[in-house]
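Protein chains in written order, with my numbering: chain A, 41 to 284; chain B, 3 to 312; chain C, 11 to 309.
Honestly, the hints are just simulated from the structure, not real lab data.
Hints are not guaranteed to be accurate.
Each pair of labels, with its calculated beta carbon distance range [said to hold, decoys possible]:
(1) C:Pro249 - B:Val7: 26 to 34 Å
(2) C:Pro139 - B:Glu116: 43 to 51 Å
(3) B:Val274 - C:Trp231: 26 to 34 Å
(4) A:Phe258 - C:Leu288: 50 to 58 Å
(5) C:Gln223 - B:His6: 31 to 39 Å
(6) B:Glu116 - C:Thr225: 31 to 39 Å
(7) B:Thr177 - C:Ala95: 24 to 32 Å
(8) B:Asn121 - C:Gln16: 49 to 57 Å
(9) B:Phe133 - C:Gln223: 37 to 45 Å
(10) B:Ser294 - A:Ser136: 53 to 61 Å
(11) C:Arg171 - A:Ser172: 19 to 27 Å
Keep in mind the model is a prediction, meaning the values are calculated, not measured.
Each residue gets a CB set at the ideal place from its N, CA and C atoms; glycine is no exception.
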Amino acid sequence: MSAEILKVSGLATSYGKIEALKGVDLRVESGKVTCLLGPNGAGKTTLMMTIAGILQARRGSILLEGKQLVGLSPANIVTQGVALVPENRLVFPQMSVRENLLAGAYQRNDKVGIAGDIERMYTRFPRLRERSEQLAGTLSGGEQQMLAVARALMSRPRLLLMDEPSLGLAPMVVADIFRIISELNRDGTSIFLVEQNAHMALQVAHHFYLMEQGKVTFDGTPGELAEDEVIQRAYLGTSRRSDP
Amino acid sequence: MDDHVVSVLSNIGVISFVALSAYLLLLTGEISFGQQAFFGIGAYAAAIATAMWGWPLAAGLMLGALAGASSALLVGLPTLRLHGLYFAVATLAFAEMIRILLELFHYQVAVDGELVGPNGTDGFGGIRYVFQNKIGAFEYMLLIYTLLATALAGLWLLERSRLGVAFRMIGGDETLAKTSGIAITRHRMIAAALAGALAGIGGGLYAHLTTYIEPRIFDIMLGVHALAYGLIGGLGTALGPLLGVLIDIGLLGSTRLFSGYRMIVFGGLVAVLLIFRPRGLLNEEMVHRIGSFWRRVWPTDPSQKSHGKT
Amino acid sequence: MIDFVQTTVDGVMVGCSYGLLAIGFTLIFGVIRRLNLSYGPSIMVGAYLGTFLYVQFGAGPLLVAVAVVAGAAIAGIYVERLCFAPMKGGAGVASMVSSFAIWMQLEQAMILLLPRHTYAFPALATGAPWEFGPFTLRPDQLLMLILAIATGIIVNTIIYRTRFGTGLRLVTSNQIAAHLVGVNVRNVMLGAFALASAVGGFAGFLVLAIDQQVTPMFGMWATIKGLIAMMIGGLGSVPGAIAGGLVLGVIEAHAQGLVGPQARDLTAYLLLFLCLVLRPGGLFGKAPEADGAFSSRST
Numbered sequence: 041m042s043a044e045i046l047k048v049s050g051l052a053t054s055y056g057k058i059e060a061l062k063g064v065d066l067r068v069e070s071g072k073v074t075c076l077l078g079p080n081g082a083g084k085t086t087l088m089m090t091i092a093g094i095l096q097a098r099r100g101s102i103l104l105e106g107k108q109l110v111g112l113s114p115a116n117i118v119t120q121g122v123a124l125v126p127e128n129r130l131v132f133p134q135m136s137v138r139e140n141l142l143a144g145a146y147q148r149n150d151k152v153g154i155a156g157d158i159e160r161m162y163t164r165f166p167r168l169r170e171r172s173e174q175l176a177g178t179l180s181g182g183e184q185q186m187l188a189v190a191r192a193l194m195s196r197p198r199l200l201l202m203d204e205p206s207l208g209l210a211p212m213v214v215a216d217i218f219r220i221i222s223e224l225n226r227d228g229t230s231i232f233l234v235e236q237n238a239h240m241a242l243q244v245a246h247h248f249y250l251m252e253q254g255k256v257t258f259d260g261t262p263g264e265l266a267e268d269e270v271i272q273r274a275y276l277g278t279s280r281r282s283d284p
Numbered sequence: 003m004d005d006h007v008v009s010v011l012s013n014i015g016v017i018s019f020v021a022l023s024a025y026l027l028l029l030t031g032e033i034s035f036g037q038q039a040f041f042g043i044g045a046y047a048a049a050i051a052t053a054m055w056g057w058p059l060a061a062g063l064m065l066g067a068l069a070g071a072s073s074a075l076l077v078g079l080p081t082l083r084l085h086g087l088y089f090a091v092a093t094l095a096f097a098e099m100i101r102i103l104l105e106l107f108h109y110q111v112a113v114d115g116e117l118v119g120p121n122g123t124d125g126f127g128g129i130r131y132v133f134q135n136k137i138g139a140f141e142y143m144l145l146i147y148t149l150l151a152t153a154l155a156g157l158w159l160l161e162r163s164r165l166g167v168a169f170r171m172i173g174g175d176e177t178l179a180k181t182s183g184i185a186i187t188r189h190r191m192i193a194a195a196l197a198g199a200l201a202g203i204g205g206g207l208y209a210h211l212t213t214y215i216e217p218r219i220f221d222i223m224l225g226v227h228a229l230a231y232g233l234i235g236g237l238g239t240a241l242g243p244l245l246g247v248l249i250d251i252g253l254l255g256s257t258r259l260f261s262g263y264r265m266i267v268f269g270g271l272v273a274v275l276l277i278f279r280p281r282g283l284l285n286e287e288m289v290h291r292i293g294s295f296w297r298r299v300w301p302t303d304p305s306q307k308s309h310g311k312t
Numbered sequence: 011m012i013d014f015v016q017t018t019v020d021g022v023m024v025g026c027s028y029g030l031l032a033i034g035f036t037l038i039f040g041v042i043r044r045l046n047l048s049y050g051p052s053i054m055v056g057a058y059l060g061t062f063l064y065v066q067f068g069a070g071p072l073l074v075a076v077a078v079v080a081g082a083a084i085a086g087i088y089v090e091r092l093c094f095a096p097m098k099g100g101a102g103v104a105s106m107v108s109s110f111a112i113w114m115q116l117e118q119a120m121i122l123l124l125p126r127h128t129y130a131f132p133a134l135a136t137g138a139p140w141e142f143g144p145f146t147l148r149p150d151q152l153l154m155l156i157l158a159i160a161t162g163i164i165v166n167t168i169i170y171r172t173r174f175g176t177g178l179r180l181v182t183s184n185q186i187a188a189h190l191v192g193v194n195v196r197n198v199m200l201g202a203f204a205l206a207s208a209v210g211g212f213a214g215f216l217v218l219a220i221d222q223q224v225t226p227m228f229g230m231w232a233t234i235k236g237l238i239a240m241m242i243g244g245l246g247s248v249p250g251a252i253a254g255g256l257v258l259g260v261i262e263a264h265a266q267g268l269v270g271p272q273a274r275d276l277t278a279y280l281l282l283f284l285c286l287v288l289r290p291g292g293l294f295g296k297a298p299e300a301d302g303a304f305s306s307r308s309t
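So here's chain A without its partners, still in its complex pose:
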């Protein structure tokens, strides 16, 4: 078993009186892609927002290589090396693509390094170079997703959290996104991915969790996932003919 970069245990988060996370335990292995599946409203986004510090945990712990993240401010968590690509992108709409990338490096001071990283992002995402001076709000959905990923990478995270990066995107663009996920992973970034598109996730992820109603209900390898009949039916859409 390889080292874990993130370990979540007994995590509970509430919105007012509604408990959205009811004691979540999971781990993300270093250098791997871990994927969290689950229906809408299961608490996946809540989990991501809690790890990023936007939402406050009520109980439990989040350890990043042994360091407690619960109680830290979102800014502090970025300093620790965690970056979240949020659901629905959330770019800075009235700013140019380039300014958005610079915003991603808000906590860094190395001007040369930042310029180099922007160049690297432009190489990885050529569309962003073409759109460099365009306002982010005017980009297409796929371009905004690329920008959100690139912006997150600008902080040089050790752990990249991605919340449904394929949501609302055309199949071609989704394929692009997943190609980039596996490239990033090959370059050594640990990735924790929330997805509903299990087919695509099976191509990149090394480990799967399933979350339902605020709890983890499945924990296994891609092989085990493909064997699980319930998940088969719900997420892979191929109902194997079994006994009635």
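Starting from the structure of chain A, add chains B and C where the hints point.
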């Protein structure tokens, strides 16, 4: 009853109308900084009717309500499609325009050899219907509270009617209300008109209580106070705004508590209160708790009652 | 024609201070998406502090200016801590009413400090008006114009050239995304209140130095004028705030010149009302998007 007490209670009753008016709009999710305009319009209309045209008080008050409601509808036409801050500031601009127009409003007639009527910034005195008809201060207070109780009963029924449910739905989530088939604009117009009428009656009562009105009474301070009363007292029930008025005018304004430091203490308390209770003292949760407590003490369900005895 | 030009120039002078007031207002609105009714009263705290130093110790204009700016900034921080920082997301109306309660509190505290209705305020510059042919120009007004422009340049530099300014722009643009790139949002909000109130304080100083007197109505005056100029120019936009202030100043000057002081205020409110109804994004702004955070829906 002590004259001072009667006068304070009358004042509380009258101001409650404009607080209720702001509260009604808050139910539909809108913040108005301008309900004082309809209070002022109602005051001028009712006073003109009784003091200058010789109408009876009831007719004057009705005219005040009508003037409040119709001017609310009129200003609602262009503003009700605005939301949030835009609506709030538009109502403020309207109310200030009304106040300035009242400052420019000169319309006087001779009554018993004396000029009576609105006289610009010098105001409008001699609204003596109550005095001339030998209605005592105590009786007038009873009139105010009878009308206030009627208004509260009306609001109580309204909140339990389809219309009231629609108001709260629009206030909760307009998109959701729209997809549930609620005609948003029409409902907001109805709420605006009702709120205008409430403020108008309150204004009419105010004019006859003080016998003298002037435009600067109806300035933005009154409007923001009206809004604040609901937030302090609570948005869970129509009694909330009344509680807010009672605390401000009754407890602090009339008892000379902390005189000179009153707003320093009170302002700070309100700010701290709102940190812990952003929807006021009588918020929805509190109203629910009081309700269930009340039902336990006073069960109305017969089966429950017999159960309690055995 | 000569009158028209003279009135316009006078309007521009006043409009500059309106513009500065609106910049402060709009900076605060941009980061918190809520209305801070205590904006004007915070400025009043500074103004009264400056007046107190002037009346009691005969402080000169420079010291008074420093006191006004510092007092306003401290009051702004106080308002942020009490009315905005502790509120959970969504309690927009509660924050606004809370800022109104603090308005009442600050106003009474200042009246206790200086109880008379009117106090003298030091002049910015003295000297006879200059005559250029048919036109006249007051030296203090010209100085005010220069100082207002300089303040605008300084604010612009802070917003576009400093790290705090970047954080402020990111929070204004999208608060959650700002959190995610590592901006310390709470510090930015506090800083925005301090900066905005300081800018407002300086605008207040300029206005009072031209009038050479201060009354307890000043807090309300500053909130209302700042609010009108901000809404005319478009919410959350700094160039819009300046333009809104100039438009308001010029139109007020002409209305006053043509009809009188009541017409001046009436025209200002009519302009505001028409702007909101016909162009809610402001004369120079884009479509509004500030709604959700402010509406009472989200309390």
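Cβ-Cβ distance between Phe133 of chain B and Gln223 of chain C: within 37 to 45 Å?
-> 41 Å, holds
Range agreement (Cβ of His6 of chain B with Cβ of Gln223 of chain C, hint 31 to 39 Å) | 37 Å, holds
Is the distance from the Cβ of Val274 of chain B to the Cβ of Trp231 of chain C consistent with 26 to 34 Å?
-> 28 Å, holds
Pairwise beta carbon distance, Asn121 of chain B to Gln16 of chain C, judged against the given window 49 to 57 Å | Check failed, 35 Å falls outside 49 to 57 Å.
Outcome for the supplied range 53 to 61 Å, where the beta carbon pair is Ser294 of chain B and Ser136 of chain A = Once the Cβ atoms are compared, 56 Å apart, the range 53 to 61 Å for Ser136 of chain A and Ser294 of chain B holds.
Just tell me: holds or violated, for the beta carbon distance of Glu116 of chain B and Thr225 of chain C against 31 to 39 Å?
-> Between Glu116 of chain B and Thr225 of chain C, where Cβ atoms are some 35 Å apart, the hint holds.
Is it true that Pro139 of chain C and Glu116 of chain B lie within 43 to 51 Å of each other by Cβ?
-> Between Pro139 of chain C and Glu116 of chain B, where Cβ atoms are some 49 Å apart, the hint holds.
Distance restraint hint 50 to 58 Å, applied to the beta-carbon atoms of Phe258 of chain A and Leu288 of chain C = Check passed, 57 Å falls within 50 to 58 Å.
Should the hint that Pro249 of chain C and Val7 of chain B are 26 to 34 Å apart at their CB atoms be regarded as holding?
-> 57 Å, violated
Do the Cβ positions of Arg171 of chain C and Ser172 of chain A conform to the proposed distance bound of 19 to 27 Å?
-> This hint holds: roughly 21 Å between Cβ atoms.
Take the C-beta atom of Thr177 of chain B and the C-beta atom of Ala95 of chain C, compute their distance, and say whether it sits inside 24 to 32 Å.
-> The hint (24 to 32 Å, Cβ to Cβ) holds, given that Thr177 of chain B and Ala95 of chain C are roughly 30 Å apart.
In the structure shown, a violation is registered for the earlier hints numbered 1 and 8, in ascending order.
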